[in-house]
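Make the complex out of the two chains shown on their own, each in a separate frame, by following the hints.
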Amino acid sequence: MSWWEELLRAFNYAFVIRAIIVGVAIAVSSSMIGAFLVLKKYSMVGHGLSHVAFAAVAIGLLLNQSPLIVTAFVVTLVSVFILQISERAKIHGDAAIGLTAAFSMALGTTLASVGGGFNVDLFSYLFGSILTIQRIDVVLSVVLSIAVTIIVILFYNEFVSMTYDETFSRVSGIKTRRLNILLAVLTGLTVVVGIRAIGTILISALIIFPTITALQFSRGFKATILIAVVLSVLIVFMGLIGSFLLGLPSGSAIVLLNAIVFMFVFLYHTLIRR
Amino acid sequence: MAQSNIITAKDVTIKYQAFTAVKEVSFTIQKGDFVALIGPNGSGKTTLIKGLMGLLPLNGGSIHYDQTLPIGYLPQHTHSADRAFPATVEEVVSTGLLGSKRFPRRITRDDMKTVNRVLDYVNVRALRKKRIGELSGGQQQRVFLARALVSNPQLLILDEPTSALDQAMRDHFFDFMKKLNESGVTIVLVTHDIATAGEYVDRVMYMDQSLIFNDSFDAFCEEQKLSPFVHTHPLKHTHDSGSEKA
Chain P
5 MSWWEELLRA
15 FNYAFVIRAI
25 IVGVAIAVSS
35 SMIGAFLVLK
45 KYSMVGHGLS
55 HVAFAAVAIG
65 LLLNQSPLIV
75 TAFVVTLVSV
85 FILQISERAK
95 IHGDAAIGLT
105 AAFSMALGTT
115 LASVGGGFNV
125 DLFSYLFGSI
135 LTIQRIDVVL
145 SVVLSIAVTI
155 IVILFYNEFV
165 SMTYDETFSR
175 VSGIKTRRLN
185 ILLAVLTGLT
195 VVVGIRAIGT
205 ILISALIIFP
215 TITALQFSRG
225 FKATILIAVV
235 LSVLIVFMGL
245 IGSFLLGLPS
255 GSAIVLLNAI
265 VFMFVFLYHT
275 LIRR
Chain R
23 MAQSNIITAK
33 DVTIKYQAFT
43 AVKEVSFTIQ
53 KGDFVALIGP
63 NGSGKTTLIK
73 GLMGLLPLNG
83 GSIHYDQTLP
93 IGYLPQHTHS
103 ADRAFPATVE
113 EVVSTGLLGS
123 KRFPRRITRD
133 DMKTVNRVLD
143 YVNVRALRKK
153 RIGELSGGQQ
163 QRVFLARALV
173 SNPQLLILDE
183 PTSALDQAMR
193 DHFFDFMKKL
203 NESGVTIVLV
213 THDIATAGEY
223 VDRVMYMDQS
233 LIFNDSFDAF
243 CEEQKLSPFV
253 HTHPLKHTHD
263 SGSEKA
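Listed in order, the protein sequences are those of chains P and R. Residue numbers for the first sequence follow our numbering, so the first one is 5 and each next one is one higher. Residue numbers for the second sequence follow our numbering, so the first one is 23 and each next one is one higher.
Honestly, the hints are just simulated from the structure, not real lab data. No residue lacks a Cβ here, since even glycine has one placed at the ideal position from N, Cα and C. Don't take each hint at face value.
[What the hints assert, rightly or not] Simulated crosslink set (BS3-like; lysine-lysine; CA at most 30 Å straight-line):
#1 R/LYS152 <-> P/LYS45
#2 P/LYS179 <-> R/LYS151
#3 R/LYS53 <-> P/LYS179
#4 P/LYS179 <-> R/LYS135
#5 R/LYS151 <-> P/LYS45
#6 P/LYS226 <-> R/LYS151
#7 R/LYS135 <-> R/LYS201
#8 R/LYS200 <-> R/LYS135
#9 P/LYS226 <-> R/LYS123
#10 P/LYS44 <-> R/LYS152
#11 P/LYS226 <-> R/LYS135
#12 R/LYS53 <-> R/LYS135
#13 P/LYS179 <-> R/LYS32
#14 R/LYS32 <-> R/LYS200
#15 R/LYS37 <-> P/LYS179
#16 P/LYS45 <-> P/LYS94
#17 P/LYS44 <-> P/LYS179
#18 P/LYS226 <-> P/LYS179
#19 R/LYS37 <-> P/LYS45
#20 R/LYS37 <-> P/LYS94
#21 R/LYS123 <-> P/LYS179
[To be verified] DEER-style ranges, computed between Cβ atoms:
#22 R/ASP224 <-> P/TYR272: 52 to 60 Å
#23 R/TYR38 <-> P/LYS179: 22 to 30 Å
#24 R/PHE125 <-> P/LEU252: 43 to 51 Å
#25 P/PHE77 <-> R/LEU77: 32 to 40 Å
#26 R/GLU204 <-> P/MET267: 54 to 62 Å
#27 P/PHE15 <-> R/LEU77: 50 to 58 Å
#28 P/LEU238 <-> R/GLU204: 54 to 62 Å
#29 R/LYS200 <-> P/PHE268: 52 to 60 Å
#30 P/LYS45 <-> R/ASN145: 26 to 34 Å
#31 P/ALA106 <-> R/GLN89: 43 to 51 Å
Pulled out of the complex, with its shape left as it was, chain R reads as follows (with noise of 0.2 Å):
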């Protein structure tokens, strides 16, 4: 059976003034896809998530997805520096329904049962009437991700979701994010962390401006010629720019 793309990627190409950070990246997401995306720093990955997610103008190109599409996403560097900021756990993870609703937007009770379903099920419901900056980075991280998945989104988008958090912690996460794709959530990650993304991930895009690579984690290995641990050295061009390989 064919599967269904829910993100057809066409050229993109996306500029800050004259410097192109992102060059011709063709790509599909599928239903049910767990994709890792990675690069070096400056690399383009973040530009590219917010070429997707509307945040900034393409300079060429396409992106096509289905609007309907409950999404859920996750931005870089979101952790609250501010411990004044006086929003709680449940108040934030509450703002990630708003836009499934209607004007006025109201949270109603049922809509507070499901932030603290959700909040059970990252692991932090104990700490929902703290204020978000008393929380340290790995358990913000959580809060984040719950804000995230309280939609009960179909594509999940995670920009950096591992940075704050120490090994173990991936390791619990990517564990819950592959319980996730499991169930059908469709989940693109941007992470520097490929070799505990590598385990669990179904694809690896690799990009530096252009898409340079886009395999499974086993085939990104053997372009590599290296253990797939071994992680710092980033792939020589081996591919045209802008090619699809998938």
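Here chain P stands alone, though its shape is the one from the complex (with noise of 0.2 Å):
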């Protein structure tokens, strides 16, 4: 059967369909907030929920809960958590970050030798698996993904203007520190999206990838946003395929086709424009 065929048989699969549905959410909602968090040097902040989203499912499997529900609440008060304890305790935000991260896998290590017989169910969390995407995770990733896309196109003004200068934000009327805990929780809310197809230790790079791909040639701060998302769902689309036809864990081969685009991008501007 020649590639194209395959190409064209994927698309009878219905976990196909589910996959590219949910994995579509996720590249729009991470790329719509990751300029935000890239250029509010937060970055990290989604690597480290994504490894308390760890720890998260495995309280889920352990429960025998939805997994994607405990995550949804627990990373959403995790995040806020980081902001509090790095605004008002003497603790840097990248400490924040690296030491609940650290404490997550650690909780979720253990909890996984406790419960023992969730093992493999964990590892499709860890890396994605497009076949473990049901139904009900696509409805849910539909709907945090079309909250996390409103709530942005609402705020998006206020967005930037904290993102690049916050203490002139302040001075303006605009609420900073309830948009950061905003951004915090949709943060939250797209790591979770993400957990499915992604897994939950790639995730961040979904946030962090298209952005800075497309700062490499963007000019304004609404044309970042647009390429970066645009440049999200393709490469989403072609990971999950590719994923298929080459049987590789789609969370790999997304984020690895993120990382080549963003190389290729990188090396066309700094060797060949400059």
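And the structure:
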């Protein structure tokens, strides 16, 4: 069977269609908030929360509850917690993320060891597996992604102002503290959306890569976000199809493709255009 | 006719933990004033301004000002070191309009016309499509001034606005401020450059933790017993802390 026939055959499978819908949802929401996180130098928040998601999935599996619902609850809570302790306690933001991530990985690993039986399930949440995506995951991912997109559109100008100059924004009357919490919650929700298709370990890459690729050639904040969204949707789509055709874990395929595109754009702009 | 106070600060004290940065400072700013706030490094000027703007909590005293008054603010050291920051000059200046808008704070086409008019005013309209990080320090300073001016403020608070400018640009900047002031805008300016600012401002406030001097530039020079252009020697404590002379 030629690769073209294989490709057409892929679209006959309901799980591939489900994976594409979830993939597009995560691509849109992660790249929409990615610009704000990367430019506020909060990229590692997504990384830290992905580790928290690992522990939350382990808790969900151990308690025999929906891992996504448990994760949505825990990750949202922790995202606000990280913000609070980095603002109020004498702990730098990166240190707060580092200690939360390390604690979460230790907790997740311990729970996996105690639970024993759910190790295989946990692996699929770590690196993403399109085979495991259920109808409820599709609904949850699409709803969360639409919510993230609408909120970013509604607060777009305030987010841009705060990302560029938080002090000026505060003086202008923008509630920067509330906006920071909102951004942390959106990040948490995006991590949750991405767990099934990308996996907890690699989801932060989807927040960072499309934005830093777009930043290589974009001019204007709005243009950066639009380019990042389009790039991310295309890469996730190709990564999912590629993972199906080549039998690779979907998360790894998507992240590797993101890295290749970034390297290509980066080299083009640093070596050829300059 | 009695002039109206638009800022009244009384016994303002601001601390960073055990360190008192501003101690019992009292003053008034009246409509139409053009005031230079000066003092040596670490004297509490920026802290006082941050207290005025509500960015730092007061540990003592009070500040009253008309909450409805549109305020333009130019923070200290706003320069974009991040060349990769993608926002264009237009986008940065348009954020200056958000404070006067209600949710969802949309930027309209008319707003963009206002933005471009102000960019024209500060002579950087040609750069409007450039990334903010690609501009020189002086160009960025004019963009941030445009951002402070775009909401048509009646009170302008500028923290070290000329620090990135050469002497020619400083003269141009102060000429521009004078015109704004003559059009009715009240200006409070934190500066080290009293030699240039002195020619333009109505009043000099000198502080070093406490407010030490608060009067005209001529009186300031008299106080120093020095030429107005020699400003490197700080004033000796000739007044009581916190006293208000004006």
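Evaluated hints:
no.	hint	in the structure
1	R/LYS152 <-> P/LYS45	holds (22 Å)
2	P/LYS179 <-> R/LYS151	holds (28 Å)
3	R/LYS53 <-> P/LYS179	holds (28 Å)
4	P/LYS179 <-> R/LYS135	holds (26 Å)
5	R/LYS151 <-> P/LYS45	holds (24 Å)
6	P/LYS226 <-> R/LYS151	holds (13 Å)
7	R/LYS135 <-> R/LYS201	holds (22 Å)
8	R/LYS200 <-> R/LYS135	holds (25 Å)
9	P/LYS226 <-> R/LYS123	holds (20 Å)
10	P/LYS44 <-> R/LYS152	holds (20 Å)
11	P/LYS226 <-> R/LYS135	holds (18 Å)
12	R/LYS53 <-> R/LYS135	holds (29 Å)
13	P/LYS179 <-> R/LYS32	holds (27 Å)
14	R/LYS32 <-> R/LYS200	holds (28 Å)
15	R/LYS37 <-> P/LYS179	holds (24 Å)
16	P/LYS45 <-> P/LYS94	holds (19 Å)
17	P/LYS44 <-> P/LYS179	holds (16 Å)
18	P/LYS226 <-> P/LYS179	holds (21 Å)
19	R/LYS37 <-> P/LYS45	holds (29 Å)
20	R/LYS37 <-> P/LYS94	holds (17 Å)
21	R/LYS123 <-> P/LYS179	holds (13 Å)
22	R/ASP224 <-> P/TYR272: 52 to 60 Å	holds (56 Å)
23	R/TYR38 <-> P/LYS179: 22 to 30 Å	holds (24 Å)
24	R/PHE125 <-> P/LEU252: 43 to 51 Å	holds (45 Å)
25	P/PHE77 <-> R/LEU77: 32 to 40 Å	holds (34 Å)
26	R/GLU204 <-> P/MET267: 54 to 62 Å	holds (57 Å)
27	P/PHE15 <-> R/LEU77: 50 to 58 Å	holds (56 Å)
28	P/LEU238 <-> R/GLU204: 54 to 62 Å	holds (56 Å)
29	R/LYS200 <-> P/PHE268: 52 to 60 Å	holds (53 Å)
30	P/LYS45 <-> R/ASN145: 26 to 34 Å	holds (32 Å)
31	P/ALA106 <-> R/GLN89: 43 to 51 Å	holds (46 Å)
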